[in-house]
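Be aware that the sequence shown starts at 7, since it is given in the working numbering, and climbs by one per residue.
Hints may be right or wrong, so weigh each one.
The list that follows gives simulated cross-link-like pairs (lysine-lysine, DSSO-like), each with its CA atoms no further than 30 Å apart [claimed, not checked]:
#, residue 1, residue 2
1, K60, K96
2, K96, K36
3, K60, K36
None of these hints come from the bench; they were simulated from the model.
No experiment lies behind these values; they were computed from the predicted model shown.
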Amino acid sequence: MGTGADPRPGAGTLSGLPPTQPGQGPGWAKLAAAVAAQVPPSEIETVYLFHPIKRDGREWGTAVVTRRQPEPGGRLLVYTARYMLVVRGKERGAFRVEVEEVALTPAEVIAQVMQRTAERTGEAEPPVEVGPSVWYAG
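Produce the entire structure from the sequences given, and follow the hints as far as they go.
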């Protein structure tokens, strides 16, 4: 066996498909729709995407979404958005979602909190910070 990367498309992934971009895929798409039902996409400042967990035919994903406030002061509303998607088995396609407003914080604080959360949970890297365009056009 060689030690180099396998040049075949999708090689090395469990599904045989190439890995998706952060925040993309069926579970993330449904989560984005649930977030849009509570937070107008035009008011989203940043989305922090935690690496999804896949185990026992299920996928769990978590995002932290920040929302701009109309009044001055630089504070952001913070939402935690979570999903669970059954990807294998009889219940394939079953989906649960939760979107919850959890904080109002100065903008400078949220990046520090995301870094510390990754450290506290033992994640190798902090969540990926993306703009709302990952989920919403425009």
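Hints versus structure:
1. K60 with K96: Holds: K60 and K96 sit about 17 Å apart, inside 30 Å.
2. K96 with K36: Within the cut-off at roughly 20 Å; holds.
3. K60 with K36: holds, 17 Å
Consistency note: the structure conflicts with none of the earlier hints.
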